Amino acid sequence: MELPEINIVNVVGSCDLKTPMNLEEIYPLIENAEYDPEEYHCIYIRTPGIKRLVTIFKSGKLNTAGSKSIDEAKSAVLEVIDKLNEFGFADKKPEIKIYNIVATISLGKEFDLEELTETFGAEYEPKKFPGAILKTENPKATFLIFKSGKIVINGVKSNNEVENAVKRILEKLMV
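Per this note's numbering: the sequence shown = residues 1 to 175.
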């Protein structure tokens, strides 16, 4: 079975340095950092020209979102950890866990969303959301299926799971 082009649009991950962070001291040392303790209790680090974000919390947890690949997400976090190490705020490189990957495919054909609801038990409430929502267990994924044939895959945690989810939805839809 030939797979359609898979576009990864967001990778979400995190790690825990297990060291409390003094955000007031860290903020001025990190380029492209945003910190307003009255608005939010973390430092946001945005990469110019890329919709990628790394967040540092007082607890020592770091989150990342907006990367287009697992490698890019891990690299973004490691860059921040390297800066923290350089300035003496952290001395380790913890495991970076990926919690969610969002990907899209386009099948180039229209779908009858009412039929998907009847056939597969998808959720479809057109007054609330223009797509049908279909969940699978193996792999555990959520699919947002639009009439246009565009499908958003959510809830997977690895590139292999993305590919398996695409195969699974193609089999289910008999495309």
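Everything labelled a hint here was simulated from the structure, so no lab data went into it. Every value quoted in this text rests on a predicted model; they were computed, and no experiment measured them. Heads up, a few of these hints could be off.
[Unchecked claim] Using 30 Å as the maximum straight-line C-alpha spacing, the simulated DSSO-like pairs for lysine-lysine come out as follows: (1) Lys128 with Lys93; (2) Lys74 with Lys157; (3) Lys150 with Lys74; (4) Lys74 with Lys128.
Structure-based check of each hint:
| no. | hint | in the structure |
| --- | --- | --- |
| 1 | Lys128 with Lys93 | violated, 43 Å |
| 2 | Lys74 with Lys157 | holds, 13 Å |
| 3 | Lys150 with Lys74 | holds, 28 Å |
| 4 | Lys74 with Lys128 | violated, 35 Å |
Checked against the numbered hints given earlier, this structure breaks hints 1 and 4; the rest are met.
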